[in-house]
Amino acid sequence: MEEQPQDEKKSQSRRQSLETREAQDRRRTLSQTPSVTGPTDVSARGSRGSLGAPPSRGSPGLPLSQKSSGAPGSQGSLGAPGEEATEGKPMESVPQMGSQSLHHLVGFVPSDVSMPETYAPMGGSQFGPYQPMDMSSDTFQPEPLLSSSSYLEEDEGSHGPYTIDDPLFRGSYMEPSFGPLDYELPEPEPRELMIQNAKAYLLKTSVKCDLSLYEHLVNLLTKILNERPEDPLAILESMNRTVQQDWFHKKLDTLRDDPEMQPTYEMAEKQKILFLRGAGEGEQEMEEEMQLVEQQPVQKCRFWGKILGLQRNYLVAEVEFREGEEEEEEEEAEELVEGAGEGMEGRGEEEGEEDEEKDVDEPPKPTWKPPPVIPREDSRTGANKYLYFVCNEPGRPWTKLPHVTPAQIVNARKIKKFFTGHLDTPIVSYPPFPGTEASYLRAQIARISAGTQISPLGFYQFGEEEGDEEEEGGAGRDSYEENPDFEGIPVAELVDSLANWVHHTQHILPQGRCTWVNPNQKSEEEEELGEEGEKADELEEVEQEIGPPLLTPLSEDAEILQLAPWTARLSCPLCPQYSVAMIRSNLWPGAYAYAIGRKFENIYIGWGHKYSQENFNPTLPPAVQTEYVIGPETMEMADPTVEEEQALKAAQEQALAAAEEEEEDEEDEEDEDADD
Amino acid sequence: MDSESLLLSLELASGSGQGLSPDRRASLLTSLLLVKRDYRYERVLFWGRILGLVADYYIAQGLGEDQLGERKSLYSLNCMEWSLLPPATEEMAAQTAVVKGRFMGDPSHEYEHIEMQRMTEGDRTYEDEVVIQIKEESRLVSVIDQIDKAVAIIPRGALFKTPFGPVHVNRTFEGLTLADSKKLSSYFHFVEPVELKNKSLLEKADLDPSLDFMDSLEHDIPKGSWSIQMERGNALVVLRSLLWPGLTFYHAPRTKNHGYIYVGTGEKNIDLPFML
Chain C
37 MEEQPQDEKK SQSRRQSLET REAQDRRRTL SQTPSVTGPT DVSARGSRGS
87 LGAPPSRGSP GLPLSQKSSG APGSQGSLGA PGEEATEGKP MESVPQMGSQ
137 SLHHLVGFVP SDVSMPETYA PMGGSQFGPY QPMDMSSDTF QPEPLLSSSS
187 YLEEDEGSHG PYTIDDPLFR GSYMEPSFGP LDYELPEPEP RELMIQNAKA
237 YLLKTSVKCD LSLYEHLVNL LTKILNERPE DPLAILESMN RTVQQDWFHK
287 KLDTLRDDPE MQPTYEMAEK QKILFLRGAG EGEQEMEEEM QLVEQQPVQK
337 CRFWGKILGL QRNYLVAEVE FREGEEEEEE EEAEELVEGA GEGMEGRGEE
387 EGEEDEEKDV DEPPKPTWKP PPVIPREDSR TGANKYLYFV CNEPGRPWTK
437 LPHVTPAQIV NARKIKKFFT GHLDTPIVSY PPFPGTEASY LRAQIARISA
487 GTQISPLGFY QFGEEEGDEE EEGGAGRDSY EENPDFEGIP VAELVDSLAN
537 WVHHTQHILP QGRCTWVNPN QKSEEEEELG EEGEKADELE EVEQEIGPPL
587 LTPLSEDAEI LQLAPWTARL SCPLCPQYSV AMIRSNLWPG AYAYAIGRKF
637 ENIYIGWGHK YSQENFNPTL PPAVQTEYVI GPETMEMADP TVEEEQALKA
687 AQEQALAAAE EEEEDEEDEE DEDADD
Chain S
17 MDSESLLLSL ELASGSGQGL SPDRRASLLT SLLLVKRDYR YERVLFWGRI
67 LGLVADYYIA QGLGEDQLGE RKSLYSLNCM EWSLLPPATE EMAAQTAVVK
117 GRFMGDPSHE YEHIEMQRMT EGDRTYEDEV VIQIKEESRL VSVIDQIDKA
167 VAIIPRGALF KTPFGPVHVN RTFEGLTLAD SKKLSSYFHF VEPVELKNKS
217 LLEKADLDPS LDFMDSLEHD IPKGSWSIQM ERGNALVVLR SLLWPGLTFY
267 HAPRTKNHGY IYVGTGEKNI DLPFML
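Order-wise, the sequence lines are chains C and S. First residue of the first sequence? That's 37 in the numbering used here, and the numbers climb one at a time after it. First residue of the second sequence? That's 17 in the numbering used here, and the numbers climb one at a time after it.
Calculated directly from the structure, the hints in this document are not laboratory data. These numbers were taken from a predicted model, which means no experiment stands behind them. Take every hint as true, because none was put in to throw you off.
Derived lysine-lysine pairs resembling DSS-like cross-links, with alpha carbons at most 27 angstroms apart: (1) S:K165 x S:K151; (2) S:K52 x S:K88; (3) C:K452 x S:K116; (4) C:K436 x C:K453; (5) C:K450 x S:K284; (6) C:K405 x C:K450; (7) S:K199 x C:K453; (8) S:K198 x S:K213; (9) C:K452 x S:K284; (10) S:K220 x S:K199; (11) C:K646 x C:K436; (12) S:K272 x S:K199; (13) C:K453 x S:K116; (14) C:K452 x S:K239; (15) S:K116 x C:K450; (16) S:K284 x S:K239; (17) C:K436 x C:K452; (18) S:K239 x C:K453; (19) C:K646 x S:K284; (20) S:K116 x C:K646; (21) S:K215 x S:K239; (22) C:K646 x C:K453; (23) S:K272 x C:K259; (24) C:K436 x C:K336; (25) S:K284 x C:K453; (26) C:K450 x S:K239; (27) S:K165 x S:K88; (28) C:K646 x S:K239; (29) S:K284 x S:K199; (30) S:K177 x C:K259; (31) S:K198 x S:K165; (32) S:K198 x C:K453; (33) C:K453 x S:K165; (34) S:K215 x S:K198.
With the hints as extra help, turn the sequences into a complete structure.
Written out as structure tokens, the structure is:
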């Protein structure tokens with residue numbers, strides 16, 4: 037059979053879609069709920085057919101029911117007999133239609149209202165009754181189609197008896213023997229006419245979309261019947277809205293992959309790999325760390341914590357490399373630095389020579405010298421004791437953070453910025469931070485570690501073979517080792533007294549290091565240069581900075597404006613025998629430490645900032661530098677005013693006059709004396 | 017977060033690093049249920065936890081029929097016994113604005129605030145120092161109120177407004193789509209709208225009056241005071257407030273799970289503009 041030409045208008049497809057939707061439902065109905073919906077199915081189908089009137093549920097109904105019973109659960113099997121039948125169906129149904137045409141129409145109005153049990157959301161498929169193969173509906177009835185289409189095309193509102201004289205429907209699909217106009221149209225009764233008119237109105241499509249009120253109500257009621265909510269009247273509005281939305285935003289087909297969820301699946305797959313490689317249990321971070329451990333020559337690895345950021349978070353792992361492994365990298369870095377330094381110094385010498393040649397023409401050189409750069413601590417000592425790796429999410433590769441320099445720590449103390457989650461973001465602040473977010477992150481990690489890594493008293497002890505303290509200028513011992521005899525402090529005591537906890541990381545001095553370094557100690561090369569050049573010696577006495585020694589108890593921590601710096605709790609007050617002693621830092625919100633028996637651990641989860649009760653005040657810019665030394669030679673003096681000059685002149689004249697008078701007096705006296 | 021889905025919600029919100037120990041969770045489950053029955057609330061939300069120096073406050077809120085109506089706050093120190101807090105008033109807010117610092121953890125603790133007040137005696141006016149005692153309870157109440165007004169959020173579509181006035185939970189809320197969940201405009205402040213009336217007619221034309229009846233987060237000042245992140249690939253969207261650090265809102269797109277919890281010190285982050 038020919039298919040209807042594809043140049044159907046939208047109205048055509050609309051009508052088709054109405055019918056095909058119902059056809060699809062019936063398909064699904066049959067496939068899903070064969071047993072229950074037997075009679076209703078027949079009525080539904082019958083409603084669609086012209087044989088909705090009960091007496092006419094005769095022969096056309098029979099093949100339907102046969103089919104329904106024959107193909108309970110499969111669409112395919114339904115399709116097959118459907119296919120076969122469709123060709124024959126119109127043949128056999130039409131003549132019957134011919135005899136009872138309008139009566140059927142009338143009859144099918146009330147039965148129209150019965151809903152199929154399962155109603156699928158509008159598929160909007162392009163099937164049409166004119167495509168025989170796809171449409172497995174065995175109840176294809178051209179007549180309802182005709183009726184609805186005719187309704188739809190009635191614009192004026194004259195609801196008289198209509199003629200099915202629509203050339204569009206004289207499709208070649210119809211058997212030639214079928215003539216739509218072959219039957220007669222008896223006069224409809226007025227009441228039935230009203231019903232038809234009502235239905236016509238309901239079927240009118242709205243202006244905005246293809247949906248007619250009728251279809252929408254069908255959908256809504258079907259949905260309610262399917263879901264059977266508790267109080268349908270109360271949520272009628274919401275359901276109404278949902279159904280409307282469903283029409284426009286079709287629910288995704290379960291067969292189709294959702295592209296939006298792809299990142300989730302990728303992430304999950306990556307994490308699954310971690311789980312498979314590792315022991316199989318434990319946190320995802322732990323598995324991540326194991327991967328890290330395998331990649332790098334790591335001796336000790338610990339999950340340090342999590343720093344929250346604006347766009348992404350950082351997971352931080354504290355790592356200690358095996359001896360010797362890491363030093364290679366450090367040496368390379370140092371060589372690079374030294375090479376650069378030498379290059380600079382060489383250039384400096386050349387410039388000095390040039391200056392001596394042309395003294396006069398150069399503008400005066402500033403006498404300001406930048407403060408000496410405080411050298412970075414060596415790795416494995418002080419603030420650089422551990423190496424830190426960060427990653428954004430478990431499953432992503434770990435990035436190594438560079439060692440921290442004292443300048444970075446000093447600056448990090450002065451600024452307060454949120455982390456964005458990207459390591460290469462520049463930090464825009466005043467005072468300008470020397471580095472990107474990676475360095476800022478590292479500096480904050482160093483500060484947090486120095487301030488909040490604690491352990492129960494006695495867990496660590498000093499080694500016994502330490503040298504004298506005085507050798508290092510009061511820096512104190514900087515290494516510790518585990519105490520094998522540690523027996524654990526009872527949880528209650530850990531909570532009660534802060535003296536039972538000690539810091540086991542070194543405090544960072546205001547200089548930015550853990551061990552103090554005199555910045556004015558020059559290296560040999562610099563001293564030589566100093567003798568040659570014209571450096572003004574403005575060395576000031578720099579005081580040595582001392583911080584609390586290692587393993588000081590928490591009770592010695594300074595208070596923050598009458599606020600205790602630590603808060604200790606029992607994790608489970610209801611059953612103290614099983615609870616863990618937990619201690620929280622008030623200075624660095626997010627730093628926790630817990631201990632039970634012989635085990636303890638530190639962790640930090642937070643934004644990475646210190647707590648201060650005062651508001652943050654950014655550093656003020658320094659005062660304007662003086663251009664020159666202020667002394668009597670360079671001091672501006674005001675010129676004497678005219679009055680002052682005149683007064684001075686008058687005074688001088690008076691003095692002169694007085695002097696002359698005296699002389700005259702003296703001469704007179706001398707003369708008098710001479711006379712005598 | 018709803019007390020009915022407490023355990024799941026705590027799991028989802030745990031990315032910020034705040035959790036509850038198992039015994040507390042167990043006690044919360046039972047006690048919140050009892051609160052709901054005793055006070056006859058429609059919904060009980062576990063609002064969060066305010067960390068004090070000596071003890072922590074656990075806060076719950078009860079809602080009546082109207083979701084935007086009056087909310088009753090309750091506090092507890094041990095997750096079992098709950099006490100009702102008085103409603104917040106303007107005077108309380110003004111009075112407690114001067115108190116700074118951490119919460120003590122003792123509801124009867126009184127902060128002393130010294131103020132200079134002018135007193136007139138006869139003809140003379142002089143300034144005298146007056147010590148005002150402010151109870152920690154009122155501070156607690158006003159802080160909870162401030163946090164609610166500023167940063168309690170709800171996704172678009174989770175509540176709807178009926179023509180008669182009351183606001184109901186939308187049972188057919190299926191969750192935001194993935195694209196919507198990354199936008200700030202799909203989240204509303206869970207409070208009576210303030211700026212909605214100032215919108216131009218053009219903007220209002222696109223709004224759906226039954227769903228868009230609250231202020232959205234888009235125009236919050238300062239801009240950038242919310243951090244949106246997706247966790248676990250795209251399976252969970254987490255919003256954290258930078259103005260009140262400690263407030264975490266989570267939502268699993270395409271599902272009904274959403275909620276917010278505040279775990280923090282109860283202090284506003286006034287340094288926010290410097291930190292962005």
